[in-house]
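Trainee: What follows is the residue order along each chain.
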Amino acid sequence: MRRIESQIDTNARDFKANYAAMSERLKEFHARQHAARFERPQRDIDRLARQNKLGVRERLKLLLDPGTPFLEFSTLAACREYDGVVPGAGVVTGIGIVQGREVAIHANDASVKGGAWYPHTVKKIVRLLDVALENRLPVVHICDSAGGFLPLQHGVFPDRYLGGRVFRNQVKLSQANIPQIAVVGGHCTAGGAYVPTLSDYNIIIEGTGAIFLGGPPLVKAATGEEVGVQELGGAVMHTSVSGTGDYRAATEEHAFSLAREIVSQWKRKPKTIIETAAFEEPYYDPKELYGIIPKNRKTQFDMREVLARMVDGSRFHEYQPYYGITMICGYAHIWGYKVGILANNGVLFNDSSLKAAHFIQLCNQNRTPLVFLQNITGYMVGREYEERGIAKDGAKMLMAQGGSVVPKFTVIANASYGAGNYGMCGRAWDARTLFMWPQAEIGVMGADQAANTMADVKIRQLQREGKELTEEEIAAIRDPVLEKFRRDVEAYTSTSELWDDGLLDPADTRNALGMSISASLNAPIDDPNYGIFRL
Amino acid sequence: MTISKLLVANRGEIAARVLRTAKARGLATAVLRHTSEQEGPAHRIADEVVTIEGATPVVAYLDIPQIVEAAQRIGADAVHPGYGFLSENAAFVAALEKVGVTFVGPTSEVIDLMGDKIRARAFVEGRGFPVAPSAIEDDDPATFVERSRAVGYPLLIKPSAGGGGKGMRVVRDDSNLESEIETARREGERYFGDGRLFVECYIERPRHIEVQVMGDGQGNVVHFWERECSIQRRFQKIIEETPSPALTPEQRDEICETAAGIACAVNYRGAGTVEFIYAQDGSFYFLEMNTRLQVEHPVTEMVTGFDLVAEQLRIAAGEGLSAAQADIPQNGHSIELRICAEDATADFRPAIGDILLLDEPRGEAVRVDSGILGGGKVTTDFDPMLSKLIVHADDRAQAIARAREAVQNYVILGVTTNTGYLDAILAHPDFASGDVSTGFLAEQAETLTTPGKDVSDLLMAAAALSDERLVNDVMQIPEMHRKMGGWRN
Amino acid sequence: MQRIFQINGEEAECWLSHDGSEMVLNTPDGAIPCQLDPIGTPGGYVLRVRGRAQDVRLAVGPDATFVHLNGKTYAVRRVDPAERLAGNEGSAASDRLVAPMPGVVVSVNVKPGDQIEEGQPLLVIESMKLETSLIAPRGGVVAEIPFAEGDSFGLKATLALLAPEEE
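Residue numbers (numbering that gives the first Met the number 0), protein chains in the order written: chain H, 0 to 534; chain D, 0 to 488; chain Z, 0 to 166.
Everything labelled a hint here was simulated from the structure, so no lab data went into it. Positions of the beta carbon are idealized from the N, C-alpha and C atoms, including for glycine. Heads up, a few of these hints could be off.
[Unchecked claim] Reference listing, derived: stretches of chain Z covered by chain H, where coverage requires no fewer than 3 residues with Cβ under 8 Å from a Cβ of chain H: (1) 12-20; (2) 71-84.
[Said to hold, decoys possible] Now the in silico label distances, taken between C-beta atoms and shown as ranges: (3) N365/H to M474/D: 24 to 32 Å; (4) S239/H to T449/D: 41 to 49 Å; (5) A309/D to S132/Z: 38 to 46 Å.
[Claimed, not checked] DSS-like, lysine-lysine: derived pairs with alpha carbons at most 27 Å apart: (6) K297/H to K15/H; (7) K171/H to K268/H; (8) K270/H to K236/D; (9) K482/D to K268/H; (10) K286/H to K270/H; (11) K171/H to K270/H; (12) K71/Z to K376/D; (13) K286/H to K482/D; (14) K482/D to K266/H; (15) K116/D to K236/D; (16) K128/Z to K110/Z; (17) K22/D to K4/D; (18) K71/Z to K236/D; (19) K26/H to K116/D; (20) K60/H to K376/D; (21) K297/H to K26/H; (22) K268/H to K286/H; (23) K483/H to K466/H; (24) K452/D to K110/Z; (25) K15/H to K294/H.
Given only the sequences and the hints, what does the whole structure look like? Please build it.
Mentor: Put into structure tokens, the structure is as follows:
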């Protein structure tokens with residue numbers, strides 16, 4: 000594979016201006032992530048200390064192999080909900096290494112509302128367990144939750160992808176012979192009791208861990224029986240009387256040491272073999288991405304320059320370099336793994352859609368995972384394109400992409416508008432992981448277009464009623480809509496709502512993809528099969 | 000009375016050491032081995048290994064009838080007892096005599112005499128040799144105070160029934176002698192239910208100096224100079240050297256001639272050692288006589304050039320001494336270190352374990368008399384001494400330097416040993432200046448066991464990296480994840 | 000991967016990792032790059048720590064690793080993390096020995112007032128055609144043996160009572 004020859008002049012004014020703007024954005028992004036991970040009101044920190052419990056980050060440190068990476072999902076989940084007082088949606092999820100094995104981790108954060116499950120908490124846990132199922136990753140649950148957040152019970156409990164889905168997914172994991180272990184470092188009440196009991200192994204920490212369907216207050220209310228936490232569901236009772244608990248740990252350190260020992264008993268299953276090459280760092284510095292992504296979203300940029308700062312050795316084998324040039328297709332290696340990359344270099348036309356559909360089939364045929372790098376404003380509209388069958392060609396791309404059997408990974412690098420989001424493996428299309436860069440936007444259309452469209456409807460309606468509007472009156476209609484749309488399409492909204500698996504510093508994309516690809520190879524790749532292509 | 004086949008009734012390093020000389024002299028050789036005992040170096044040297052039985056190995060090595068029977072059975076015409084076990088057992092000597100097997104050592108009468116400390120002391124005193132002044136209350140209670148006063152100050156009052164230092168009182172002048180005697184008596188009654196006392200001369204900061212002697216049993220006795228053995232822990236020597244740094248040439252002649260005189264007085268046959276207590280003022284007193292080869296005999300061999308075991312065998316074979324006194328030199332300086340399986344930081348508790356790796360120091364003037372083999376086991380069945388490291392050099396400073404280098408290069412892995420402790424003693428400035436007494440190790444206990452420079456990071460690294468399972472586990476982490484290190488998004 | 004070592008009586012926790020090119024020992028004092036290469040002689044290695052190389056001899060025993068370094072021999076005891084972190088779980092053993100199932104006392108080995116050691120057999124019971132020796136959960140003094148030889152007892156009957164431990 001040939002190295003991409005970068006055309007970027009890192010001394011150019013534009014580059015420097017872009018770099019400064021992106022750095023500013025990333026400073027804010029990292030500050031927000033840090034706050035969501037570590038900053039808590041003093042009373043919550045004090046409460047944990049009083050309860051003799053470690054914080055979730057300390058627990059992760061005890062669990063994970065030192066000197067190994069942890070790919071954390073959706074750190075900023077719920078950042079635009081609940082007045083921002085439920086950082087990370089009260090739960091930490093991600094993929095890490097325990098005893099040399101890739102595991103999915105679901106850890107309640109008891110420093111956030113006692114680890115109570117909010118609607119976004121449930122969404123984040125269900126997503127993690129979906130990741131575990133799709134990639135066949137063993138799961139470590141670290142349980143410490145006050146239970147469902149009752150005032151929002153409708154958002155937590157009844158629907159298909161709410162609370163019950165957590166346990167349903169646990170059952171499906173078990174059926175698929177994927178091991179799970181739960182470390183009970185706090186209370187597991189009611190539904191929460193099923194997390195450790197549906198796990199293959201569980202460990203209860205003496206003094207702090209407890210499992211019960213109904214806690215002492217509920218028991219008192221229901222039957223009048225007065226019973227303490229330890230008697231009702233403590234470590235000693237469960238590990239010696241009920242058999243609900245497998246191991247009891249004297250301390251947090253003991254618990255995680257036991258957990259590690261148990262994980263080390265798990266059989267390592269052979270991973271799916273795909274084409275690999277020796278590692279090679281990108282030839283061009285990934286931090287140069289900051290100067291490549293334009294300050295102004297509407298400014299076009301060459302995605303090859305992005306690839307050059309993401310793939311091994313900056314090497315790229317481009318497929319059909321002269322055809323359908325708004326769609327870049329080709330092979331590269333990421334952390335040694337061979338992938339097929341689809342990256343947008345403009346709007347999708349008929350030819351670019353066909354090229355994408357063909358390339359996706361090639362990758363499925365030779366078992367090459369797919370990476371989608373989105374900067375897409377949509378499929379081309381207009382009479383000429385409709386006549387050429389743009390909807391039909393777009394459908395071919397969707398059929399190829401949606402029918403893929405190889406693992407897919409999506410990075411929303413800049414814009415993700417309209418059906419382009421679908422074609423480029425948006426959230427609904429089962430990317431194993433989907434990450435977004437902090438300056439990126441997602442929506443049916445750009446905020447300006449959406450605001451203008453809505454304002455125009457309103458203005459025309461008023462004109463029909465015979466009203467002539469001044470510039471100020473038009474602005475008064477359009478500006479609030481524009482402001483709302485601008486906020487709605489922001490990456491922070493997406494990540495708050497868990498439409499992605501988290502925001503990424505662009506320079507971290509290569510590692511996040513490496514971790515994701517490696518994890519995906521725990522699951523087999525089926526033989527390719529497709530639906531009907533409209534020809 | 001020629002000897003053609005020698006049975007060594009011992010084990011460990013001394014058995015190996017005796018066997019080497021015996022083989023060099025062309026004797027057929029045999030050695031004992033208890034049924035549960037591991038193979039040691041001696042078993043590889045001896046022409047024949049005789050299995051002995053007993054509830055414990057020690058019981059077997061003390062089983063006179065069994066060993067005498069073994070000697071007869073294999074046709075040995077002489078038995079070398081080594082040290083310890085039956086080496087100073089008159090009954091053993093008598094049993095061998097009865098069946099016509101030569102005992103390599105003195106007569107049973109001499110063993111008997113020197114084995115009884117009170118009789119030995121009386122004998123020596125009676126021949127005009129110096130013994131520490133003392134007074135025993137029981138001899139004549141009426142004159143006890145008078146006799147105590149005659150011992151001189153400082154003196155030590157001890158309960159006759161005592162032990163462990165209880166009731167012992169040091170008296171430094173006459174004014175409180177009687178009151179201290181009464182206090183000691185009351186304490187003796189309280190602790191031991193026995194108020195009888197005795198008094199002996201209190202020697203402050205004494206040294207232990209001994210003299211190697213050799214007699215032919217025909218009235219000829221020579222000495223092989225002295226050995227300084229003041230470095231003791233729990234009353235056992237761990238470093239010995241010769242010459243003693245404490246003696247002037249005149250004192251040396253005096254103490255060596257005294258020893259030879261005592262040996263002569265009993266018409267001594269074979270190798271023996273006369274032990275003295277040596278006071279800071281240069282006076283010395285007879286302590287006891289060991290009627291056997293000593294553990295520390297190699298330092299004497301290093302400075303005199305004589306093979307003491309060869310001398311023993313000559314004498315036993317009736318060939319007499321190979322040298323006159325004037326032919327026995329004292330060249331240079333020699334130091335012996337006793338390598339023991341013990342934990343110097345835990346009150347010298349014996350250590351056990353498997354000898355996983357053994358690499359003995361080698362080099363010019365470095366001698367290792369070893370009783371262990373790599374791959375062997377160290378158990379509590381026997382004495383914790385594993386081997387002896389002996390060095391020789393032109394002078395004491397060089398000998399210390401050579402001993403330090405050798406002990407630092409003595410690799411015994413798998414069982415805790417005192418090599419580091421021995422090195423710490425050698426490195427101590429008081430040892431270097433020779434200013435030591437038998438209390439030295441106790442006085443310097445803390446200094447000598449202070450851990451040196453903290454190398455725990457190196458040790459942890461070595462332990463971690465040599466842990467195959469650990470390394471395997473680490474390397475099982477996929478290479479990509481290892482390369483990413485502690486990355487967080 | 001985690002290990003707890005004991006050196007000179009002091010316990011130290013460390014983790015070993017590999018950064019793709021070299022081993023790293025993670026200690027409370029920081030990360031230490033290290034490497035151990037055999038040199039051909041038995042137990043002989045070159046140990047590289049923080050870039051500094053030195054010769055060591057080492058041997059791995061069942062419970063300890065023995066290291067000869069710079070003229071000194073050290074024993075690095077290996078402590079099982081799970082066991083060590085469990086703390087004094089064992090010392091909280093109960094004063095009461097309870098019948099695991101109904102049965103008959105076959106023999107009684109101790110009497111009230113006896114000083115006993117942890118693990119010492121106190122009495123033998125028979126139940127379901129099997130003889131089981133009941134051992135002392137901790138050292139201490141026997142307070143009471145409620146049943147005599149030949150007595151039968153029910154599930155959870157107290158078979159031996161130890162005098163409470165003094166704090």
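Trainee: Could you work out which earlier hints the structure fails to respect and list their numbers in ascending sequence?
Mentor: 5, 8, 10, 19, 20, 22, 24
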